[in-house]
Each structure stands twice: as structure tokens, then as C-alpha cells.
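Trainee: Here are the chains, one letter per residue:
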Amino acid sequence: MTLFIQLVLVGIISGAVYALIALGYTMVYGIIELINFAHGDIFMMGTFITITIFGAFHITDNPPFGMPIVLAMIVAFVASTVLCALLGVVIERIAYRPLRNAPRLAPLISAIGVSLVLEDIGKLWKGLSPISPPQIFNTVLYIDKISISVTDIIVVVTAALLMVALQWMVNSTRIGRAMRAVAQDREAAALMGVNVDRVISFTFLVGAGLAGAAGFIFLLKFPTTTFTIGFQLGLIAFTAAVLGGIGNLVGAMLGGLLIGLVGSLVNLIPNSDDAAVRGFGIPHGGGAWSLAIIFAILILILVFRPSGLLGQQTPEKV
Amino acid sequence: MAVPINTSNRLFLPARDTRMLLIKWVVALLVPVVVFNFVWQGDALINNVILGFINPGSSQVANGQLVEAVVFIFIFYLTLLALSGYLMAADSGRRGMIEIWVDILIFTVLPILLISATSNLIIGLALCGILWPIYFILRKRIPFLSFLNPQSLPAPESLRLVDSEQRAVMLGRARAGGFWFGSALAIVWLVVDLIFYFSGSLPGELLLVTAIRTVLFPVGGYFLGLLGGTLAVRRTIAANNNGNNGGASSRKKQKEEQILATSRAREEIREEVPNDLPLRSAGARNFFLILLMAFVIFYPVIDPFLFGYGTAGRLSGYNDAGYYVILALGLNIVVGFAGLLDLGYVAFFAIGAYAWGIFGSTQLGFISPIHIPLNFLSGLFWPMLLVTALIAAGFGVLLGAPTLRLRGDYLAIVTLGFGEIVPVVFLNLDNLTNGTNGIVGVHSPAFFGIQWSQVTPIPYYYLILALIGLTIFANIRLRDSRLGRAWIAIREDEIAAASSGVNLVRTKLFAFGAGAFFSGLAGAYYSAKLGGVSPSTFGFGDSVIYLAMVVIGGLGSIPGVIVGAITVYSINLFILNSLDSLASDPTNFLYGFNQIIVSYIPGFTFGNIRNLVFGIILIIIMIFRPEGLIPSARRRRELRRSPDLELLELGAMDVTTTDPGFEAEVRIE
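Top line first, the protein sequences correspond to chains Z and U. Per the working numbering, residue 186 is the first one in the first sequence, and the count goes up by one each step. Per the working numbering, residue 5 is the first one in the second sequence, and the count goes up by one each step.
Please keep in mind that the hints were generated in silico from the structure rather than gathered at the bench. All values derive from a computational prediction rather than experimental measurement. Any given hint might turn out to be false.
With beta-carbon atoms standing in for the labels, derived distance ranges [what the hints assert, rightly or not]: (1) U:G535 to Z:A345: 54 to 62 Å; (2) Z:R362 to U:G398: 47 to 55 Å; (3) U:L109 to Z:V260: 56 to 64 Å; (4) U:V602 to Z:I333: 40 to 48 Å.
Residues from chain Z shown here face chain U by an in silico Cβ test under 10 Å; the list is partial [stated by the list, open to error]: (5) S300; (6) W310; (7) L495.
For glycine and all other residues, C-beta sits at the position ideal for the given N, C-alpha and C.
Here chain Z stands alone, though its shape is the one from the complex (with noise of 0.2 Å):
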């Protein structure tokens, strides 16, 4: 039971940065209906500017607490949010605007192009191999038998405090207003006044903006980074913004938290080889199947329900 509310615990906090992710997914996908690929690689992005900025405030392993560390967090959390905010934005000009009109597969494959320039761009960076942040607030309360580190709560609160921001930011601000126009019909909104390229590019400025947050929380939270974290961590994070109904952003959060769920209880299964559980369960243990095993849900939700949890069916306009 203490490690089934473990894995809980961990799939929460590794759901919210799916989450984060999952965000910018929908967010592009609802308002021009293309698959940004690079998104992830916007992440990826981000956990390497956290990382350098550590690097040059000299942090180290579980350093003290004190003015240096504040500031170095604040520092990193700022400049990846706005740096990875201006690659979405450049990203965005460069390689979809001049296929805003272009056949569906076009910006697609250009997308794929994106990510491909993304991670060789932080193979020459930092390597192939992978790289470790410091561990920061390391401190670990225990309730129970049931470890909480200082890091998870930051993790979860700052993931919170962004979505809510971001739902308020749709639904009560102009911008936010003009974004849903623009989902909804863009022919109709530009003959309403609405300047349809500045509210794309703003959709990616607030998701790749989104991707560097989360970018710095998951170093926080987990010990290493590479370049085809982007890839994969991505592909799980669309998941779950399928799952939530792509789209729809509450749906994403949603998504995220399952997806986060599924990962982390999956290493419940046992590993068929153990001679302890006598042939019950998988080989390698649930662990080593957690991409399968996602990747599974993503095919049957589309399968079963392409509109996702809370994604509404639409119908396809002749």
C-alpha cells in the first residue's frame, strides 16, 4: 500500500509536467490544427537553458539555503520561460507561417524537419550523453513512511499556479478571447478585426512559454536530461493531450495527471522472470513496458473515443 501511494505520488508530479507540455500541444493543435513536433524539443530546450544558468551561478549539490539559490532558481525559471517563448515564436515564422495555406501534410513534415534541427542543435550543445542538474531541496519529509520531497511541492505548486494562470488568461483577457475566435473560425475572426497572425504566434509564445517552465520544474524534480528527452517526453505528453480531448486545455491538465498515473503505476506489474511472483506478469516487469504500454492507450482512445475525456466530437466540414 506505502509503495501504491508512492507511485501515486510520483505519477502526480511527473503528471504535472506532462501537463505543462500537454498544454502547448493543445493550445496549437486547437487553434491552427497542426502537430507541433517541435514542442517537445521546446522542452527539451528548456531544461538546457535551467541547466547552463545553474552552471553560471555556480550552484552545487544541495547547496544552502540562502539569497544565491533564490535568485538562481528565479533567474532560470524566467529565462527558460522566455527564451523557449521566443523559440516558439521564431519557430513558428520561420517554418509554419509560409505553409499557412499549404496542403495538410506540409506543415506537418516541416514540423518533423523543426524537431530534427532541435535535437542535433542540443546534441552540439551539450553532447550525447546525458547531463545532471544539481539536486536542489532535497529535503525529505516523511508522512507515514511515504517520502515527500520539498522539490515536489514546489513542483506541483508552480505546475498549478501556471495552468490556473492560463486559464484565466483564455477565458477572462482579450487576447485569450481573440485566441478562441481564431480556434473557432479563422475566416470569421480576421473579418471580425482579429489580427490572426498576432494571435498564432502569441499561442506560441504562451505554449513554448509553457514547455520552458515545465522544462525547468521537471529539473527540479528529475536527476538528468538529454537531447532526445524532447522526443519522448513529448510523444507521451501528446498523449496526453489526446487522451484530455486535443483541444481543450482543462482536458490536457487531465490527460497529463492520468498519463502520469498510468507511468508510474505501471511499474506495479511484476516481472514474469522474478521466481518470486511464479509466472505472473511481464517480462522486464511493467517498468521497461511503460512506453508500450502508453503509446497502447493513445491507440485505443483514437481508436474508441478520437475526441478524448473531455474533447467534444466535431464534426468535418465539407
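The hints should help you fit chain U onto chain Z, whose structure is shown.
Mentor: Positioned in the frame of chain Z, the structure of chain U alone reads:
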């Protein structure tokens, strides 16, 4: 065709216009031949071969290659002489001297130099595949070079007829072309041989051969040029020459000529084949195809005296390129024809590779009670090739079935997920696939009881050639079939296709099945050639490489995809790696360049930026040339029409505002 100005028909002192034509074509043909001989050192080789005939034992060429080399060279020069006659007769003067010369430099001399510099045929050609588009862009964009562009003249108002007098002039020009080209070639060789003779490196007995050749070339050129000219004249449209024709055979011949002439005229009128590009007519295309096939079939024989050494390694590389071609053609069915973006195509390749890997090794004995005698196993490769492909096709249908209701981009993600799941499954199912270690000791095929060795690439070369031939044939037949038209219809507009009676479910399943079938074929070949399978060789990166092949070559275009596959394969596996080895060589200029980069970016290698290169190419192609290097005709029309489409759609929107029932919504199930 040509409208001769001057009817003078002299061979030795031709009239001025013929003289200009002679200069144009003799230089144009002579330059690549001389360059070819220079880089290839064909002179020395031919001399060796002849010396071997005169004086057996003194030749430096291995005896086995002697006859082959002579045959190759003989055919090569005969073709060239006939070609000179053809070109002289077919020239209409619309493409000027300088333009032809630049074209010759770019399209023949450049490949010759690149192939000899890389000493690999497909790498050299792949480099050309990169440089030629750059040349096209340059001559289109830079005003100074704009004269090099082929001018598109208005279509002729009526068919141009060539009467018997003009034919005689054309034939005369052809004769002169062959004669003068032969003479020029003979003189160049004579001079070279004399220089070598006086510097002492040419044996005296060869001087006799040189003398014979010097006489033989102009004479041969005269007759072969006439032959080429006759071929050119056959494709013109004869004026009605007061038909006093005799028997049935001549009437039949006349009819044939008439058909030929009309087809040619039709091409001309539609501007498919401008007058000044005689080498692009339908007849010429068939001829080139036959020539290309002959070259490909005899390549293992030609290779040793083309490059000298390293044939086995080179052929092995071509074999690898070969299965990439099959993979790209298979993916082209799914993405190019049916428009279903498949990002997990590597999964079917892996399934095919593992199918023969498990069956063709001792692994089958471990996982099942079936024990096939080993000497029997290799012969089973042939039926298993089909079975493997069918297994892969089965998985293709299996994956296709649940994803049918998905739209393009969802489909991409599902296939991507599938492509990620399959290697994980192969990695983790230890007792079936031997896990991380993969399967080793996979048997190579046997043909009529002769076991193929894994180190001799020639049997594999013919196997992959046969498989590619099969794949191309199947692709063409599929494209032109009812099913292929249905694929294209659903690519263009799914809803419209469904309403016109296309069965979406069946059509898409067939696309998936057919695509997976060919990757299964490639997979079986891969594991048989390599002798093993490892789960780490199949990843998303490979799927992207296959996609890049199809996109760069041209979605839906069969020749484009083949060229794309070879280009991407060369960039991926050869060019970047050889840049690395050049950069590590201190004598090369790349070394310093590399040092500068490494001082800023530690750990930089050209192999490391592979994805960067492909990513940028994908983006650029999508933005500037979405139809690919060699687009299919349909695709080009479709993509170039888009500005008009915009207007059309605006018009349609105007209608919508006045008519509320205009916008129908259809739910796709």
C-alpha cells in the same frame, strides 16, 4: 524539326551554318570524352587491353576482364559516334552554342569528376543531385545567368513538315557530324599517343594500332553518324511525297513512320519535348531506359575497370542503398499515393527482418519444437521472402484497421506510437527475440543449392536488383490501377472520394498492407544480408529518414522517390562520414575549418549534425519546393495551382453568406 537554311551538302568544307553546328556539337561531345578519359585513364587501359591482344602476357589488365573491357569500350564509342550524328541532324538551333556547352559541363563533366573524386557511383550522383538543383535555382534567380534557361516558345501553329530535300540536308549534317567528331577524337588520341611514344611510355607496336584507329574513327564516324541521322529523321514528319509506294511491307513501314511522326508532333505541340531537346523525346527516353538497365545489370562486370579496386565494398554499399530504395518505394505507396502520413514505417521493416531472423537461424529451434535441417534452411529463404512480406503486410493491415477513422495528423501519431512499440516489444520479449543481444547467425540464402557467402556481394546485388525491379513494377501497376486511382482520390479529398463510391476502409487497408509488404521484403533481405538482427537498429530516426527520402524525391513520384532514396542514403551514410574523415586529415582545408568549429562547439562532427541537415532540408523543401526533386506530373499541377484555388475559395465564401444551407457538414464514420 530543323529547317535547314543552306542546302549545301559538302563533307569537307561545309557551309557556314553547318560549320557552326559542327563546332557546337563536336566540342560539346569531345569535352566530356576527354575529361572522362583523363580522370579514368582510359587511354592507358585501352592500350593495355590492345597490347594484351598483340602480345599476350604483357598486359597489366587481368585476363578475365580483358574481353569485357573491350566490349564496354567498343559499345561506348560506337554509341558516341552515332549520337553525334543524331544530335547534328536533330538540332534546331533554338539552344545556342554556349548554353549547350554549359549544359554539357554541368550534366556530364561534373558527374564524371564527382564520381571519380568519390570513387563511388551513387555518392557522386547523389552529390550531383544536390548540385543540380542549386544550378537550376542560380540560373533562375541570377539575371546574368538567365540566358541559360530554356526558353519556352509558343507552340508551333502547325506541324512542320520536312520534305525530301531537307531530309537530305539533315542526313548530310549527320554524316558531317559523325565524321568530324570521329576525326577530332582520333586526332586528340593521336597527339596523346605520340607524346607518350616520344616520352617513352608507349610501346612501339602500339603505333600501328594508333594509325589504324586514326583512319578508322573518321570512317566509322561517317557511317555511324549517318545511322544516328537516320534515326533522327525517322522522327520527323514527312511531307507527302507523291506516294508511289510499292508493296505491303513498305506501306506498313510508312504507317509506322507516320505513327512515330504523329506522336513526336503531339509531344512538340504540347511543348512536352521542345525541339531543342531531342534527347528528351519519348523514343529517346526508352532508349535511355534500356541503356540504364543494361548498365545496371552489367555493373558488377563494369565496376572493376571503371574504378580499379574496392569493388566488393562498393557493391555492398549499393546493396544497402538498394533496400532503402525498396523501403522508400513502399512508404511512397502509403504517404505519396494514399496521403496517409506513416511515421512508424520502420516497424514493418523490423517485423520483416525479425521474421527471417527468427526463422532463418537456430532461434526457431529454441522457441518451438520445429527443427529444420540447416542445409535445407537457406533454400527456404525464397518462399520465406514472400511469407515474411505477407507477415509484414498482415501487421500493416492490423495497424491500419483501427486507425481508419483517424484524420491525417492523428494517424501520423498512431503510426509513430506503433513504430515505438514494436522495437520495445522486440527488446523485451527475450525468449522470442533474444532481447538486447538480437539474433546472430541468420542464414544467407542459397540458390540451387549454392550457399551465398556473406562477403561476396554480387549475388545480393542481383537479388536486390530483382527485388527493386519487382517493387518498381508493382508500384507502377498499382498506381495506374483502379486501386491506385482510388488512393489518389482519397489523398485529394477523402469526403469527395467516399461520396463517389470509393470504399475508404478497403482502400486504406490496401495502402497500409501494400506499403508494409515491401518493407517486409526489404527486412528479410536485410537480415539475410547482414546475418543478424538487433533491436537497436530500428528507431524513429529511421522512419524519419525514409520519410525524408520520399519527401525530398517527390511525394507520389516513382523515379523521384528512387532518386530521393539514393540521395538521402548517400548523404546519411557516406557524405557526412567522409566529411568527418576529411576533416580529421591535417592536409585538407576542411581540417582548419573543423578546428574552428570544434573550438566553439566541442564534440562537433559532421556525423552528429545528420538530423540537423535533414531537418533543414525538409523545412526548405516544404516551403520552397513541396513537390520534391522530381515531382509526379499530377502533384506538380496540384501544388502549382494553389493561387487560383485561393481565388476560387474566396468566391465560394461569398456564396456561403447569401445561402445558409450551402455549407453541408458530413460526419465521417
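Trainee: Please go over all the hints and tell whether each is borne out by the structure.
Mentor: Taking the hints in turn, this is what the structure says about them:
{"no.": "1", "hint": "U:G535 to Z:A345: 54 to 62 Å", "verdict": "holds, 55 Å"}
{"no.": "2", "hint": "Z:R362 to U:G398: 47 to 55 Å", "verdict": "holds, 51 Å"}
{"no.": "3", "hint": "U:L109 to Z:V260: 56 to 64 Å", "verdict": "holds, 58 Å"}
{"no.": "4", "hint": "U:V602 to Z:I333: 40 to 48 Å", "verdict": "holds, 45 Å"}
{"no.": "5", "hint": "S300", "verdict": "holds, 7 Å"}
{"no.": "6", "hint": "W310", "verdict": "holds, 8 Å"}
{"no.": "7", "hint": "L495", "verdict": "violated, 17 Å"}
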